[in-house]
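Protein chains in written order, with my numbering: chain Z, 1 to 152; chain S, 153 to 410; chain V, 411 to 519.
A portion of the hints provided could be inaccurate.
Said to hold, decoys possible - Restraint ranges, calculated between C-beta atoms of paired labels, are given here:
#1 Arg39(Z) - Gly400(S): 55 to 61 Å
#2 Thr201(S) - Phe508(V): 30 to 36 Å
#3 Gln424(V) - Leu32(Z): 37 to 43 Å
#4 Ala423(V) - Arg39(Z): 43 to 49 Å
#5 Glu378(S) - Gly50(Z): 53 to 59 Å
#6 Gly43(Z) - Val469(V): 24 to 30 Å
#7 Gly383(S) - Gln424(V): 46 to 52 Å
#8 Asp176(S) - Val430(V): 51 to 57 Å
#9 Ala191(S) - Ala35(Z): 32 to 38 Å
#10 Glu235(S) - Asn420(V): 21 to 27 Å
#11 Gly451(V) - Asn198(S): 34 to 40 Å
#12 Thr44(Z) - Tyr275(S): 53 to 59 Å
#13 Gln250(S) - Ala423(V): 36 to 42 Å
#14 Pro178(S) - Ser509(V): 50 to 56 Å
In case anyone wonders, no lab produced these hints; they're calculated from the structure.
Glycine included, C-beta positions come from ideal geometry on N, C-alpha and C.
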Amino acid sequence: MKTHINQKRRSMLLGAASLSLLHRLPAQATPLDAATAMRAISGTTRTQAGRVRLDIPPLVENGNLVVMRVSVQSPMTESDYVKAVHVIAEANPLPNVFSAYLGPRAGRAEMTFRARLATTQRVWALAQMSDGSVWTGYADVLVTLAACTESP
Amino acid sequence: MLRFSLQLVGVAALSVFSVCVQADIPLADRRSGEHFMRAETRAMQNDPTANPATFALLEGEALWQKKIGSADKSCFACHGQAEKNMRGVAARFPTLSQGRLMNLEQRIQACRVEQQRASPWPYEHRELLALATYVGTQSKGLPITPSNVEGMQAHRDAGRALFQQRLGQLNLSCAQCHDARWGAQLSGNPIPQAHPTAYPLYRLEWQAVGSLQRRLRNCMTGVRAEPFAFGEPGLVQLESFLMWRARGMPIETPGLRP
Amino acid sequence: MTEPARTIVNVPAQAKRGEVIEIRAVVQHAMESGYRRTELGELIPRDIVRIFRCTYNNVEVFRAEFHPAMAANPLVSFTTRATESGTLVFEWRGDHGFSAQASASIRVS
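The following block holds chain Z by itself, in its conformation from the complex:
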């Protein structure tokens, strides 16, 4: 019963969010753009789900500043480490958000940064390992609207 109510609220919020999008953004990246951006990173390597954890609060108050944390399961040794981390947002006007390049000296493959999300969407994190494999994780985020924005 409860899930049903949540579902209803969620679609209402989605409606409100997409209305504001019309005001603010010239174009919206489709998941197709996001897929293209992800393919540009992984190349011919087939991506695998797992080992990457993307933490974003499931509901954020304002899409202008969203704290994102990526952690990747890796021993971070000279022979087995994370080379790069890329973050892709499916419904942003441009899918690429952030890329980081690291190595075994990082000790842990963990990082935090602050991004913008145009609306409610799925965000992906990709990790490129030293052995060439590419792993993925994602988070679904609900972006609410500020009650009174500056320009109506």
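Given chain Z's structure and the hints, the job is docking chains S and V onto it.
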């Protein structure tokens, strides 16, 4: 047609009579806007290395020492150490100064023009907000203590009248949302009580630091009313009433809000 | 640009050799996305920080690329292993010749 306009008159009369019926929030039930934010936003506000308003604070600290204007004077030259001499000052504003009702930004402007002999900043100028943030932060944690100088009460009364007056195409007063419906959801976010405890503050919506007047103008736009101009006396009177309404609550400057 | 951009860096002053330390770096920048408009409806041109780099005794330990979807006043936190006493240098580069630098020293025992 005649019936239609009579109905309209009826509606208008009803709304006139419904003004001023909102009771004040009991003192013990008052909550800062901090209380209505998500835990992550609150944590960011309370961590100076994560709060983006810290940059305004650092800039204000540098400006305090900077000699400017044809008088070639710094704020420090007259006021000395802000940590000592500005402590509690922001908690008393707006107040009457030189016979005029002034908020903190206007008082800083008056100093700049009269003492430093420099040209005034436009409203919401980054440096003006930075200095106000620096001065405001010296009162962090201190209770709001509204000025009781002769003549303040009249300004607060005018501010209260404005707070309770219906405005704009939505025909809503500040009190209808912030006294009567605080805690309810609007666009998925809770309606706060509108206590100006943390200004100037970094608002995520603005992606910048802004003043209480900027926020009040946003609200006016929100109810589809023509907003007051920056610095307009009515707006400062409204600020005076809001600070009185938040009396005793601690200053949180430099604040962070969604 | 009249004065250098403000930065906040957070590095532990001391660490044990081999310890993984957490570092945070923030730079003051509007990260103008290129999608906002003025009140008159004119598009505000894109103006962002593009590259962030951290070196530890002159060796790069972390690098990041920022896109317009990075929030204003971009913050990054990451980890590195404390190997020896010395200096961490932080560098940001962006559009229109934007450049900012900060440094912090660490004592490793």
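Here's how the hints hold up against the structure:
Range check, arginine 39(Z) to glycine 400(S): Cβ separation about 59 Å, and the 55 to 61 Å hint holds. One distance hint, 30 to 36 Å for the beta-carbon pair threonine 201(S) and phenylalanine 508(V), is violated here, with the actual separation near 22 Å. Glutamine 424(V) and leucine 32(Z) have their C-beta atoms about 50 Å apart, which leaves the hinted 37 to 43 Å range violated. Restraint check, alanine 423(V) to arginine 39(Z): a C-beta distance of roughly 44 Å satisfies the suggested window 43 to 49 Å.
At about 56 Å, the CB distance of glutamate 378(S) to glycine 50(Z) agrees with the hint of 53 to 59 Å. Between glycine 43(Z) and valine 469(V) the C-beta distance comes to about 28 Å, which sits within the given range of 24 to 30 Å. The supplied range of 46 to 52 Å is met by glycine 383(S) and glutamine 424(V), whose beta-carbon atoms lie about 50 Å from each other. Restraint check, aspartate 176(S) to valine 430(V): a C-beta distance of roughly 53 Å satisfies the suggested window 51 to 57 Å.
Between alanine 191(S) and alanine 35(Z) the C-beta distance comes to about 34 Å, which sits within the given range of 32 to 38 Å. A hinted range of 21 to 27 Å holds for the C-beta pair glutamate 235(S) and asparagine 420(V), which are about 23 Å apart. Hint check: glycine 451(V) to asparagine 198(S), Cβ distance near 38 Å, so the stated range 34 to 40 Å holds. Checked against the given bound of 53 to 59 Å, the beta carbons of threonine 44(Z) and tyrosine 275(S), roughly 57 Å apart, stay inside it.
The given range of 36 to 42 Å is broken by glutamine 250(S) and alanine 423(V), whose C-beta atoms sit roughly 48 Å from each other. For proline 178(S) and serine 509(V), the Cβ-Cβ distance of about 54 Å falls inside the hinted range of 50 to 56 Å, so the restraint holds.
The earlier numbered hints that this structure contradicts are 2, 3, 13.
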